[in-house]
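Protein chains: 2
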Amino acid sequence: MSDAFVRMSLDEARDFARAVLARHGLKAPHVDAVAETMVAGERDGCASHGLYRLLVCVHTLKAGKVVPDAEPSMADAAAALVRVDAKGGYAQAAFELGLPRLVSRARRLGIAAMAINNCVHFSALWPEIEAVTAHGLVALAFTPSHAWVAPAGGIKPLFGTNPIAFGWPRPGEHPFVFDFATTAVARGEIELHRRAGKSIPEGWGIDAEGNATTDAEAALAGAMLTFGGHKGSALSAMVELLAGPLIGDMTSAESLAHDDGAKASPFGGELVIGIDPAGFLGAAAAEHMQRAEALFDGMTGQGARLPSQRRFEARARSLVEGVQIPRALYEDLERLLDA
Amino acid sequence: MSDAFVRMSLDEARDFARAVLARHGLKAPHVDAVAETMVAGERDGCASHGLYRLLVCVHTLKAGKVVPDAEPSMADAAAALVRVDAKGGYAQAAFELGLPRLVSRARRLGIAAMAINNCVHFSALWPEIEAVTAHGLVALAFTPSHAWVAPAGGIKPLFGTNPIAFGWPRPGEHPFVFDFATTAVARGEIELHRRAGKSIPEGWGIDAEGNATTDAEAALAGAMLTFGGHKGSALSAMVELLAGPLIGDMTSAESLAHDDGAKASPFGGELVIGIDPAGFLGAAAAEHMQRAEALFDGMTGQGARLPSQRRFEARARSLVEGVQIPRALYEDLERLLDA
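Heads up: the protein sequence lines correspond to chains A and B, in order. If you're matching positions, the first sequence starts at 1 in this note's numbering and goes up one per residue. If you're matching positions, the second sequence starts at 1 in this note's numbering and goes up one per residue.
In isolation and in its complexed conformation, chain A is listed as follows (with noise of 0.2 Å):
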């Protein structure tokens, strides 16, 4: 191995996550699962979602901006809804807490939704999509996040980015899993760019007066652009509406607000819809499943790639060899331990 970057098998990358975020007083049962959500990230391959997170979620501790001891409860809603109440701390704890409700929900009525309000997200939504696809369920997430991007036509930041995720069961297979920003590009990537002193393509964002700009630190001063026009703004706001107002939780423009210039991790609510394949067709859905699978092989078989599948393959990779951190990332995330 280079010497530029640090092998850890998983366990030694969740001790390690645990470790570190202990060292910041957060607390049981909260260090676990951020750092269950940590090492997924790195394990996958999606560096920017792994244990580089600690840095952001030590930030967040520091400026008080997550309540590290909170004890998440379930709130009162209709009989297909479930409302978890995250009392400020991370989101992990409040969807374990809630899932097993949504899924029972899911189960015998044919959907539920599930929503946590008043949490802390930093994490990527796939985790949690596939908590839930685990149980036999098809699943929609939404998250708003900090207010970063225009709406198409607008020169202003309002909406964040927005993710919009979707899981599929797969008997014996990993499921079909997308989660992705309604951005163009994702807000770390226009900051990459800034650091290198590249410019960005056009259509990532415009700068302060509402300009296209190909200048990295304009576009992070001005607003960032959505995926694919109004399209992808009219997705954004449908985010912003599903996992804001309608769970009584706050928008981007509100979160950005709540956090006041302290840089933290979005503050808000997030919505899960569970749906049970038997719901609809009883005994008949096995068979229906098996239509699916004629649906991915018609994209594999023509050379398509299916969204999920680099990640799975990193996991598989890591489940046998662990991880390889960056040797300069892993000297900061270590100070973290004596900081």
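Honestly, I wouldn't trust all of these hints.
Pairwise CB distance ranges (calculated) [said to hold, decoys possible]:
| # | chain 1 | residue 1 | chain 2 | residue 2 | range |
| --- | --- | --- | --- | --- | --- |
| 1 | A | Ser73 | B | Ala208 | 18 to 28 Å |
| 2 | B | Gly303 | A | Pro201 | 44 to 54 Å |
| 3 | A | Ala294 | B | Gly210 | 15 to 25 Å |
| 4 | B | Lys198 | A | Arg327 | 35 to 45 Å |
| 5 | A | Arg327 | B | His258 | 57 to 67 Å |
Covered, in the sense of this in silico footprint (three residues per stretch, anywhere, with C-beta under 8 Å from a C-beta of chain A), are these stretches of chain B [said to hold, decoys possible]:
| # | segment |
| --- | --- |
| 6 | 152 to 158 |
| 7 | 303 to 316 |
Cβ-to-Cβ under 8 Å is the rule here; a few derived chain A residues that face chain B [unchecked claim]:
| # | residue |
| --- | --- |
| 8 | Arg83 |
| 9 | Lys87 |
| 10 | Gly88 |
| 11 | Ala152 |
| 12 | Ile275 |
| 13 | Met299 |
| 14 | Gln302 |
Don't read these hints as lab results, they were simulated from the structure. From the three backbone atoms N, C-alpha and C, an ideal C-beta is built for every residue, glycine too.
Guided by the hints, dock chain B onto chain A, whose structure is given.
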């Protein structure tokens, strides 16, 4: 008025559409339901979903690809799910049959979904989205079509144009509604370029060998592309799954095979989800809906258009002035009364 157009009141347009449909064997209640949908399209300035669709419907009727006197029926499903069998008829009457149950289940349980099976689908989804939001519910709708679209990274048609539609009820205002194909552009747009002998921009389609093309004819013989690259492609796959295997109905590839060269409207299913804002929030829902209004103000206040704004403006005009049909189209449609 220019001689190039024929002006009709909405009542005249409705009577005209009914007469054409009845002349070609469509039976009640389909005649009224289908005519109403076309008049709504014409009224809202969506000419491609207006009276022009009479040509498409008559073709589908003549090809024997729709059951003109289908009697839709409600089928068993889980408590939060509604399943309507359209019995090979147009989707409209089946939707009207199922809507009251979708609304009552969503109100009682918080969220509910309706599958329409075995239907012929020629219309936009926004008329149905508006019908759901009129009951104060948030709405989502999906339907596959015919396999004309290649997945990202692929070379052959597999997906349909696969629209996604969303609606959000607004007190005292038209709802927030979007409804768009997951393709880069409507198929009809490529068709118009072909007729005019104009080249198409890159990104709309690929030829039969899977190569990028700016030749409209080559793209129609090859495959259309999704909007937004792999993100639009992932959404298109989601529409196939949600409104195909999940509800026990056809994918776009299966619909095209069923069509067997008849060039009739797509055949298969549709999924509609309704969510009651009061389900999560109870009496506090009204206050949180006001926060959604702040989001809309944040869009329009910076010059961004709400997704259906132009359509609602056209509606306001048409309610006063009626609609204008290009004379050449009108004459084609009139001939259908004798054909």
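Right, here's what the structure says about each hint:
1. A:Ser73 x B:Ala208: 18 to 28 Å: 59 Å Cβ-Cβ, so the 18 to 28 Å window is violated.
2. B:Gly303 x A:Pro201: 44 to 54 Å: violated, 24 Å
3. A:Ala294 x B:Gly210: 15 to 25 Å: Holds, since Ala294 of chain A and Gly210 of chain B (Cβ atoms, about 20 Å apart) stay within the stated range.
4. B:Lys198 x A:Arg327: 35 to 45 Å: Violated, since Lys198 of chain B and Arg327 of chain A (Cβ atoms, about 56 Å apart) do not stay within the stated range.
5. A:Arg327 x B:His258: 57 to 67 Å: At 58 Å between Cβs, range holds.
6. 152 to 158: holds (count 6)
7. 303 to 316: It holds, with 4 qualifying residues against the three required.
8. Arg83: The hint holds - Arg83 of chain A has a Cβ within 8 Å of chain B, the shortest such distance being about 6 Å.
9. Lys87: violated, 17 Å
10. Gly88: violated, 19 Å
11. Ala152: Holds: closest Cβ of chain B sits about 6 Å from Ala152 of chain A, inside 8 Å.
12. Ile275: Given a least distance of 7 Å, the restraint on Ile275 of chain A holds.
13. Met299: With a closest approach of 5 Å, the Met299 of chain A hint holds.
14. Gln302: holds, 4 Å
The structure fails hints 1, 2, 4, 9, 10 (numbered hints given earlier, in ascending order).
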